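If you want the building blocks of each chain, they are given just below.
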Amino acid sequence: MTTVETHLFRFLRALHVRGLSVPANKQLDFFAGIETIAPATTGELYWVGSATLVTSEPDHHIYDEVFRKFFGSTLEEADSGAEEDQDDQPTAAPGENEVEDIVVDRAGGSGLAAGGVSPDGAMRFAGTDPRAHELIRQICRELPRAVPATRSRRHRPCGRRRRVDPRATYLESRRTHGEIMRLHWRHRPPRERRLLLLIDVSGSMKQHSPDYLRFAYAVVATCARAEVFTFGTRLTRVTSHLRVPDVDAALSSLARVVLDADGGTVIGASLQAFLDHFESMARGALVLVLSDGLERGDCTAMARATRRLSLLAYQLSWWSPLACDPGYRPLTRGMSAVLADLDSLTGVRDLDTALTAVRGRFARTPTPRRDAHV
Amino acid sequence: MKLLDHATISRQLRDRKYFADAGLLTAVRLSIALGRPLLLEGEPGVGKTRISYVLADALNRELIRLQCYEGIDVSQVLYEWDYPKQLLSLRAAEVERTPVRNLYASEFLLERPLLRSLRSETGAVLLIDEIDRADSEFEAFLLEFLDGFQITIPEAGTVTAAVPPLVVLTSNRTRELHDALKRRCLYHWIPFPDPERERAIVEAQTPGLSARSAARLVRSVNIIRSLGPVKRPGIAEAIAWAQGSLALADEGAEWTEALRASLGLVLKNAEDGALVAAHASEVFADDDR
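Line by line, the protein sequences give chains A and B. Going by my numbering, the first residue of the first sequence is number 1, and it counts up by one from there. Going by my numbering, the first residue of the second sequence is number 1, and it counts up by one from there.
If we strip away everything but chain B, and leave its shape as in the complex, we get (with noise of 0.2 Å):
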């Protein structure tokens, strides 16, 4: 596939709210360039699925997510056959005594996640969400998916992928991946941003809050995020509590207590609340006055 060079990639993710830094785009362009599935790692909240959807609107692609779990198994991956479908197709049948129907015909098909990005005539973007939590013969079995991007269904044949799709998979780090899937893939660790990047990605998914105010609400999530709180509040948790205290700022409140009052979009833990009233002042801090 052709390559994007990198001020048209970063200007379609700007367009659509993302702020990628050049790591990120770089890995993302290899990824599309080279046809190799794209790891994710990072902090949660730092927008590893999301990079995912906006490729997929900035592309033009369909996206299919597949969330992973502890026994998720092939058949909820790939594809199942229709049980009752075919069973009550045989009855019919056997009702109205016609003969009976091709019962491997693509319509008792069930098409899972991997089987339909292979079978999208665009290319899709396939999102392979928090594969640590998956068990590790999962991970063995998406090695050959990702290989050669098909699958053999013996009933039907070999369905190859007319456009390979464009494969993100996440982790979260609960368990070490194995090389061999590491190895088949680019990597990318996306850190927390600096403070002007988060600003402009704050900005971006709150409209009307103004550059001082979220100036001043970046500072304070990076003092809490410096503080070693339990959970340290990610991009998400800082969007939400920015749209959170415009609400209330709407309604009247000064910025700092819209701020205070809506502290529990940011902090989810009693002891990192603590944490915070004991810093308060430091942590909300208005130092442009």
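Isolated chain A, as found in the complex (with noise of 0.2 Å):
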């Protein structure tokens, strides 16, 4: 093996190392990669591994990374002897203007408190007792009952009279030689709306918030259509990770993704990032924000964001530990802000109110303006 395979095998066991998961045929397709173009510049060599090793934006931080590291060079200096790929250079390396950037940004340029500065905690959690498995267990009943329908594109037959299925018709009319005895019929059945989770990971709400990612496991357990982020200071997608068989591997996988943990929120800016890049995820769908609404600061983008939530989303809901209270009024200026765009703001502090919710069907009150956004 020559020197340049072996630092490329290195290179391929840092990006692993460093998690971003390259399996073999990935491999291949890079070294074929390689053999056809035969990079000549360093530029060349990181747009052939770009195309080949990296399935999604997110994980271009890792690979850029990585990248610096082995061949040493940013993008800019190791094109600028080629021809004329001078203004064939990106601005700006796919992903750089990532999430956490523009949290972290925004959090220091606006002057916002040092609360705002995620202190890169790594959560820990206790494991899940029998009560809250058994409380799991019937939330995953409920769930199904409880997630509004839309009706699916796709038909089936049925006994309605809805539209005639020529396939069936003409299958069953071969028994009778061509002779059509019945019509068959299909419709569109109910479909599941998509379930999207927004669950608040701050500091302040570090009682609660083992029990709404316990939560957020029952949803992505029992709706195929499930998304769930987690926002302190930067908003992490966290929906794969739920996806496991156990919630306690779950939660333990969640504490190595999830770094801004127990420290500050930066509500707005954190709703603002998933509009700016998963806008679509809110489209029609249920949304459900779980967090205290006690906003650092200015609370414009917050509201501003709500809003905009509240337009795409088909039902836009809000669960608040300290809604518990009977004596609660969303006084605060974050939450009388948004109160207006809201279709329910529930109390919710632990899977017992939980359950209570989704028994209530997400305190669901049918506004029929709301079905112009589907």
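Hints in this document: simulated from the structure, not taken from any laboratory. Everything numeric in this text was worked out from a predicted model, so none of it was measured. All C-beta atoms, glycine included, are put in the ideal place defined by N, C-alpha and C. Among the hints, erroneous ones may be present.
Taking lysine-lysine and the DSSO-like style, the derived pairs with C-alpha atoms no more than 30 Å apart in a straight line are [unchecked claim]: (1) B/Lys-85 <-> B/Lys-268; (2) B/Lys-231 <-> B/Lys-268; (3) A/Lys-26 <-> A/Lys-69; (4) A/Lys-26 <-> B/Lys-182; (5) B/Lys-268 <-> A/Lys-69; (6) B/Lys-17 <-> B/Lys-231.
Here chain B is said to cover these stretches of chain A; the calculated rule only asks that three of the stretch's residues, wherever they fall, bring their Cβ under 8 Å from a Cβ of chain B [unchecked claim]: (7) 21–30; (8) 126–135; (9) 151–159; (10) 162–173; (11) 248–255.
FRET-style restraints, in silico, Cβ to Cβ [claimed, not checked]: (12) A/Leu-28 <-> B/Glu-144: 17 to 23 Å; (13) A/Arg-156 <-> B/Lys-85: 35 to 41 Å; (14) B/Ala-180 <-> A/Arg-167: 25 to 31 Å; (15) A/Thr-36 <-> B/Glu-144: 34 to 40 Å.
Dock chain one against chain two, each of which comes alone in its own frame, and use the hints as you go.
Listed below in structure tokens is the structure:
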């Protein structure tokens, strides 16, 4: 093996160590790519690797970092020699404007208090006790009934006379030598809407977030189209980490990816980061924000993002531990600013109250206006 | 398939008014050389869909577009037997007292995009647009197709591609695609272009636009993007704005006025309109004067 090959293998190994898993067939593609393109500059090598090894935009972070470490140069330097490539360089390496940068920048730039800075603390969870397991099971049972439905685009056979099903009709008519004895029908069955959870994991929610995340686990385990994000000072997508059989395994894997737990809150910027990158997930969905709504500093960003979420979502519900207190009135600046845009504000502080809220079908109040956004 | 060299493909795309950066060119070249599908993501309006049209034209291949939507299923994607026609031919045979013909002959087969892309003699460019809108079952079904480029029709046998199609998938990230699908694809994220490239694009797409006007327009678009609007305008919006403003300017309007008047082509949101109005002096500044 030549030294170049060894270096490339080490590079792949380093990607793996940093958490960008590269399966064997992608590695083969990488080498095949190098063979066919025969990159002459580091810049060309960068793009070969970028196309073959990376599978999503956030992964570019890791790739860029490891690439720089192994091949020693940033993109601009690497390509200054290439012929017409001057203007072919991307202004920024893809992925550079990632969520966390934006959030941190805004936190620093707008003079938000020191609490806006992420402490990079890891989360630790106590094991799930048998009572909680039972509650999770009950929530899983209740969820399918509680999540609102929409009409599926996919037709299914049924007895109701909506639309003739020519395929089934034809197939049956063959038994009777082409004579049609009976028409078959199909319709569009109801389909569960997407359920989107935005969970506050900041310091002020510390005692509630483990149960909130257990609830999120139950949602991901039950609903096919659920998405879960956590936010404190930055937004983290955690759906795939929750999609494992065991609830404790799911929570401990969260500890590795959610790095802003138990710190400050920047609700407005986090919701805005969600809207910037994943806006279409909220369209027609049931959106649940699990947060106490205690925003630091200026609340206009939070109010604006909530307004936008409310316009996109089928239903926007806010779960707050503070609202469990019967004497609670949403008088803090943040909550009073967003209250008008919420479909419901429910008090939820643990799995018990979450189960009650699910049984109450997320406090759904049928508002015909909302159907316009489907 | 043979590898196209960087300069050639870059020139071919340029000739067709598509200005790709080095990353996209590499991804396209690899996709052609390795026969791998190419998965493109990026903000709306950066040219994810258009690259397929341009590639089809440049490679002299037929473009077949499959627009995905929720609930799309195999009968809309692969093939469908023409049931009414089969029934009629049965009845006709009965009435005319002739023997029944083969009901699974190709005349009764309705080709849908995937099958058509396999049967194309010169090879096709298959665009599977907005794959994230289809449900995940559909994605699983695609895996088989993308692996072997063949389709089995139980009544008629297996169809294999004479020339494998060049497959381009686009996604708007409304949901995470399965790893299994991503693993089989080359991936490229198309960013917003730098001002230089965007100016070239706008000029190429808007004949009659002066270089100076184009530069000002691109500067305005970039400022609007940096203001953090609800919807950041893409290249498609910039082009529409240029064309709209040019039409107004041709009637004698002053360029800044024309830009203001056709603002509705870039901003599709009342909040964004207010935002730009608040920063009007910045957005419409004419620093060349």
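**Message:** Tell me whether the statement that chain B covers the region 248–255 of chain A is true, taking a Cβ distance below 8 Å and needing three residues at minimum.
**Reply:** violated (count 0)
**Outcome, coverage of the region 126–135 of chain A by chain B - at least 3 residues whose beta-carbon is closer than 8 Å to one in that chain** = Since three or more residues must qualify, the claim that chain B covers the region 126–135 of chain A is violated, with 0 doing so at under 8 Å.
**Prompt:** Do the alpha carbons of A/Lys-26 and A/Lys-69 lie within 30 Å of each other, as the hint requires?
**Reply:** Measuring from Cα to Cα gives roughly 21 Å; hence the hint holds.
**Prompt:** If you check the beta carbons of A/Leu-28 and B/Glu-144, does the distance land in 17 to 23 Å?
**Reply:** For B/Glu-144 against A/Leu-28, whose Cβ atoms are near 20 Å apart, the range 17 to 23 Å holds.
**Asked** Within 30 Å, alpha carbon to alpha carbon, are B/Lys-231 and B/Lys-268?
**Response** Since the Cα atoms of B/Lys-231 and B/Lys-268 sit roughly 8 Å apart, the hinted pair holds (cutoff 30 Å).
**Outcome, coverage of the region 151–159 of chain A by chain B - at least 3 residues whose beta-carbon is closer than 8 Å to one in that chain** = holds (count 4)
**Asked** Is A/Lys-26 close enough to B/Lys-182, meaning Cα to Cα at most 30 Å?
**Response** 10 Å, holds
**Message:** Can you confirm whether chain B covers the region 162–173 of chain A, using C-beta to C-beta distances below 8 Å and requiring at least three such residues?
**Reply:** It holds: at least three residues are needed, and the region 162–173 of chain A offers 5 whose Cβ sits within less than 8 Å of chain B.
**Message:** Looking only at beta-carbon atoms, does the pair B/Ala-180, A/Arg-167 fall within the given range of 25 to 31 Å?
**Reply:** 29 Å, holds
**Prompt:** Hey, B/Lys-17 versus B/Lys-231, does the alpha-carbon distance stay inside 30 Å?
**Reply:** The given pair, whose Cα atoms are some 25 Å apart, holds under the 30 Å limit.
**Message:** Using C-beta distances, would you say chain B covers the region 21–30 of chain A, given that this needs three or more residues below 8 Å?
**Reply:** holds (count 4)
**Prompt:** That 34 to 40 Å hint for A/Thr-36 and B/Glu-144 (C-beta), does it hold up?
**Reply:** 26 Å, violated
Violation of the numbered hints given earlier is confined to hints 1, 5, 8, 11, 13, 15; the remaining hints are satisfied by the structure.
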